[in-house]
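Peer 1: These protein sequences, in sequence, are chains A and B.
Counting from 1, one number per residue, gives the positions in the first sequence under our numbering.
Counting from 1001, one number per residue, gives the positions in the second sequence under our numbering.
Heads up, a few of these hints could be off.
Cross-link-like lysine-lysine pairs, in silico, DSBU-like; alpha carbons within 35 Å at most [to be verified]:
1. A:K88 with B:K1208
2. A:K93 with B:K1041
3. A:K18 with A:K93
4. A:K95 with A:K4
5. A:K93 with B:K1030
6. B:K1030 with A:K4
7. B:K1221 with A:K38
8. B:K1208 with A:K34
9. B:K1109 with B:K1208
10. B:K1041 with A:K34
11. A:K34 with B:K1002
12. B:K1182 with A:K95
13. B:K1221 with A:K88
14. B:K1041 with B:K1221
15. A:K165 with B:K1221
16. B:K1012 with A:K45
17. B:K1041 with B:K1030
18. B:K1208 with A:K38
19. B:K1182 with A:K45
20. A:K45 with B:K1208
21. B:K1208 with A:K18
22. B:K1182 with B:K1041
23. B:K1002 with B:K1041
24. A:K18 with B:K1030
25. B:K1221 with A:K4
26. A:K18 with B:K1221
27. B:K1012 with A:K34
28. A:K93 with B:K1182
29. A:K165 with B:K1030
30. A:K165 with B:K1182
31. A:K95 with B:K1030
32. B:K1041 with A:K45
33. B:K1182 with B:K1030
34. A:K88 with A:K34
35. B:K1002 with B:K1012
36. A:K34 with B:K1182
37. A:K88 with B:K1012
38. A:K93 with A:K38
39. A:K165 with B:K1041
40. A:K45 with A:K34
Think of the hints as simulated: they come from the structure by calculation, not from any bench.
It should be emphasised that the depicted structure is a prediction, and the values quoted were computed from it without experimental measurement.
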Amino acid sequence: MAEKSILLQHGDREVPVKLGATIHREALYGRQSKTVEKDGEPLQKVVLDAEGHVFHPSDIAYLPTDSRGSLAAPPLVQTEEGEPLEPKPSSFKVKRALQPVGVGALVRLRVDAVFPAECDLSPGLYSTEFAYRDAPVLKTAVLNVTPHGAFLLTGIPVETPLQGKTDIYSFFDEPEDEADDDGDDEDISFEMF
Amino acid sequence: MKTIHLSTEDGKNARVPLLRGRRLTPTTMKVTALGEEVVTKTVHRGNAHVPPEVLTTQALIEGDPEIDLANIGRILSDSSRAYRRPGGVTLEGNFQVVVTTYTANGDVKDRSVHTPRQANINETAPVRVGRRVPLAELFQRFVFHNQFYLGHEDGLQHDFLLDVARGLEAAGEAAMLGAGPKGTQPLVLTNGGTPTRAFLMGETAGDKYRLLVLLTRQELKVP
Chain A
1 MAEKSILLQH
11 GDREVPVKLG
21 ATIHREALYG
31 RQSKTVEKDG
41 EPLQKVVLDA
51 EGHVFHPSDI
61 AYLPTDSRGS
71 LAAPPLVQTE
81 EGEPLEPKPS
91 SFKVKRALQP
101 VGVGALVRLR
111 VDAVFPAECD
121 LSPGLYSTEF
131 AYRDAPVLKT
141 AVLNVTPHGA
151 FLLTGIPVET
161 PLQGKTDIYS
171 FFDEPEDEAD
181 DDGDDEDISF
191 EMF
Chain B
1001 MKTIHLSTED
1011 GKNARVPLLR
1021 GRRLTPTTMK
1031 VTALGEEVVT
1041 KTVHRGNAHV
1051 PPEVLTTQAL
1061 IEGDPEIDLA
1071 NIGRILSDSS
1081 RAYRRPGGVT
1091 LEGNFQVVVT
1101 TYTANGDVKD
1111 RSVHTPRQAN
1121 INETAPVRVG
1131 RRVPLAELFQ
1141 RFVFHNQFYL
1151 GHEDGLQHDF
1161 LLDVARGLEA
1171 AGEAAMLGAG
1181 PKGTQPLVLT
1191 NGGTPTRAFL
1201 MGETAGDKYR
1211 LLVLLTRQEL
1221 KVP
């Protein structure tokens, strides 16, 4: 199962954690694919430009450029406020701290990847930072050690405020998440229920 | 802002705001070495799509048959998706989108014409607070890929939601949310969106409450 190892520092103890390949939902419940058909025959997708030219999708490249159209490679990464962000090393290259956390750490985590893990830790929740590859921003990760196995869940922490009687909502702070709006994999069976 | 029509086990119901949590990681942007924001341009690669037999050594010495000189570098600023028959020239209309569902083993389970789903969280039939799951079990069984929270627009809604949060917190449980007439269907938050299971989790501090709607589409297990 395990393919790669990360090394975490838990107090004064080093904890190696073996990670397997990402567990995709499709591997658990199946997947869906959409085809466009006419008279029972599948059609081929093409790209139609404003002048009426038709291109195959493989003809199209997406290039990072500056405003004048010159290639901007390699682009640098910064925050919206203009603070430059240097790439931080992958978790497979450096040791990062691990500390026990409460269930609130999982409640606040918007999980985007799940890895099966093997480690020598007692059941509970442990928090660390994680980057599969070198990245300017590290993800938050929670190592969930359960009686039936351990899993590393990575994602983005979110804040949800307590609601008093007179709170004013910041309706426009967060853009809509496309992941909730895409219909690509709807109708996947929910066998878990 | 989304609105959810929520009903509790004792039959009380209200339409309340469903709000998105705030990300705690910085929003990043890509810039050039001069600090200019990088934009992504859609460009034609210039592949001429000529058959291999045309690409003889002599042809490559004498010219560039592999390059589509008329289009290479063309910036496509306003393009759209279209469909044609394989090998055909004319574009086709009046087509159907067919969805094929595969099992985890890769076998075809179902084929049907695609019909976009409608949001079902603010219908006449409210989203029901259903089966309870202890919190300790919840996070050992499910992966939560998104969180929303409930808010209120007036004092009555505040009191209603505070009661719901207190009940859940006191029991140390989360409640599954179900849509549809029987309250058993997964939630679809937006038109055309993906069905997702959801749990409601409550927390209070004095007369403040936090009611989280935790969305899950995956169990915490290996294939």
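Peer 1: Next step is simple, just say for each hint if it's right about the structure.
Peer 2: Verification of the hints:
For the hint pairing K88 (chain A) with K1208 (chain B), the CA-to-CA distance comes to about 39 Å; that exceeds 35 Å, so the pair is violated. A hinted pair counts as satisfied when its Cα atoms are at most 35 Å apart, and K93 (chain A) with K1041 (chain B) qualifies at roughly 34 Å. At roughly 14 Å between alpha-carbon atoms, K18 (chain A) and K93 (chain A) fall within 35 Å of each other, so this suggested pair holds. For the proposed pair K95 (chain A) and K4 (chain A), the alpha carbon gap of about 14 Å is at most 35 Å, so the pair holds.
Under the criterion of a C-alpha separation no larger than 35 Å, the hint pairing K93 (chain A) with K1030 (chain B) is consistent with the structure, at around 24 Å. The straight-line distance between the Cα atoms of K1030 (chain B) and K4 (chain A) is roughly 30 Å, inside the 35 Å bound, and the hint therefore holds. As the CA atoms of K1221 (chain B) and K38 (chain A) are separated by approximately 40 Å, the hinted pair breaks the 35 Å bound. Among the hinted pairs, K1208 (chain B) with K34 (chain A) is inconsistent with the structure: their alpha-carbon atoms are about 46 Å apart, more than 35 Å.
The straight-line distance between the Cα atoms of K1109 (chain B) and K1208 (chain B) is roughly 48 Å, outside the 35 Å bound, and the hint therefore fails. Between K1041 (chain B) and K34 (chain A) the CA atoms are separated by roughly 27 Å; this keeps the pair inside 35 Å, and the hint holds. Restraint check for K34 (chain A) and K1002 (chain B): satisfied, since their Cα atoms lie roughly 28 Å apart, inside the 35 Å limit. At most 35 Å may separate the alpha-carbon atoms for a hinted pair to count; K1182 (chain B) and K95 (chain A) exceed this at roughly 50 Å.
With a CA separation close to 30 Å, the supplied pair K1221 (chain B) and K88 (chain A) stays within the 35 Å bound. Among the hinted pairs, K1041 (chain B) with K1221 (chain B) is inconsistent with the structure: their alpha-carbon atoms are about 41 Å apart, more than 35 Å. A C-alpha spacing of about 40 Å is found between K165 (chain A) and K1221 (chain B), which places the hinted pair above 35 Å, so the restraint is violated. Annotation: proposed proximity of K1012 (chain B) to K45 (chain A) is violated, straight-line Cα distance about 50 Å (limit 35 Å).
Only pairs whose Cα atoms come within 35 Å are accepted, and K1041 (chain B) paired with K1030 (chain B) is accepted, the gap being roughly 14 Å. Under the criterion of a C-alpha separation no larger than 35 Å, the hint pairing K1208 (chain B) with K38 (chain A) is inconsistent with the structure, at around 56 Å. A C-alpha spacing of about 40 Å is found between K1182 (chain B) and K45 (chain A), which places the hinted pair above 35 Å, so the restraint is violated. In summary, the hint linking K45 (chain A) to K1208 (chain B) is not supported, as the alpha carbons are separated by about 52 Å, beyond the 35 Å threshold.
Restraint check for K1208 (chain B) and K18 (chain A): not satisfied, since their Cα atoms lie roughly 42 Å apart, outside the 35 Å limit. For the given pair, K1182 (chain B) sits about 49 Å from K1041 (chain B) by alpha-carbon distance, which is inconsistent with the 35 Å threshold. Among the hinted pairs, K1002 (chain B) with K1041 (chain B) is consistent with the structure: their alpha-carbon atoms are about 33 Å apart, no more than 35 Å. This hinted pair checks out: K18 (chain A) and K1030 (chain B) have alpha carbons roughly 33 Å apart, not beyond 35 Å.
Note on K1221 (chain B) and K4 (chain A): the hinted pairing holds, with a Cα-Cα distance of about 19 Å set against a maximum of 35 Å. Restraint check for K18 (chain A) and K1221 (chain B): satisfied, since their Cα atoms lie roughly 16 Å apart, inside the 35 Å limit. Restraint check for K1012 (chain B) and K34 (chain A): not satisfied, since their Cα atoms lie roughly 41 Å apart, outside the 35 Å limit. A hinted pair counts as satisfied when its Cα atoms are at most 35 Å apart, and K93 (chain A) with K1182 (chain B) does not qualify at roughly 51 Å.
As the CA atoms of K165 (chain A) and K1030 (chain B) are separated by approximately 41 Å, the hinted pair breaks the 35 Å bound. A C-alpha spacing of about 32 Å is found between K165 (chain A) and K1182 (chain B), which places the hinted pair at or below 35 Å, so the restraint holds. In summary, the hint linking K95 (chain A) to K1030 (chain B) is supported, as the alpha carbons are separated by about 28 Å, within the 35 Å threshold. Distance check on the hinted pair: K1041 (chain B) and K45 (chain A) sit about 20 Å apart at the alpha-carbon level, within 35 Å; holds.
With a C-alpha separation of about 48 Å, the suggested pairing of K1182 (chain B) with K1030 (chain B) is violated against the 35 Å cut-off. Under the criterion of a C-alpha separation no larger than 35 Å, the hint pairing K88 (chain A) with K34 (chain A) is inconsistent with the structure, at around 38 Å. At most 35 Å may separate the alpha-carbon atoms for a hinted pair to count; K1002 (chain B) and K1012 (chain B) meet this at roughly 20 Å. With a C-alpha separation of about 30 Å, the suggested pair K34 (chain A) and K1182 (chain B) falls inside the 35 Å cut-off, and the hint holds.
Pair hint K88 (chain A) plus K1012 (chain B) does not hold up; C-alpha atoms about 51 Å apart against a cutoff of 35 Å. As the CA atoms of K93 (chain A) and K38 (chain A) are separated by approximately 51 Å, the hinted pair breaks the 35 Å bound. About 48 Å separates the Cα atoms of K165 (chain A) and K1041 (chain B), which puts this hinted pair outside 35 Å; it is violated. At roughly 12 Å between alpha-carbon atoms, K45 (chain A) and K34 (chain A) fall within 35 Å of each other, so this suggested pair holds.
In this structure, the hints that do not hold are numbers 1, 7, 8, 9, 12, 14, 15, 16, 18, 19, 20, 21, 22, 27, 28, 29, 33, 34, 37, 38 and 39, in rising order.
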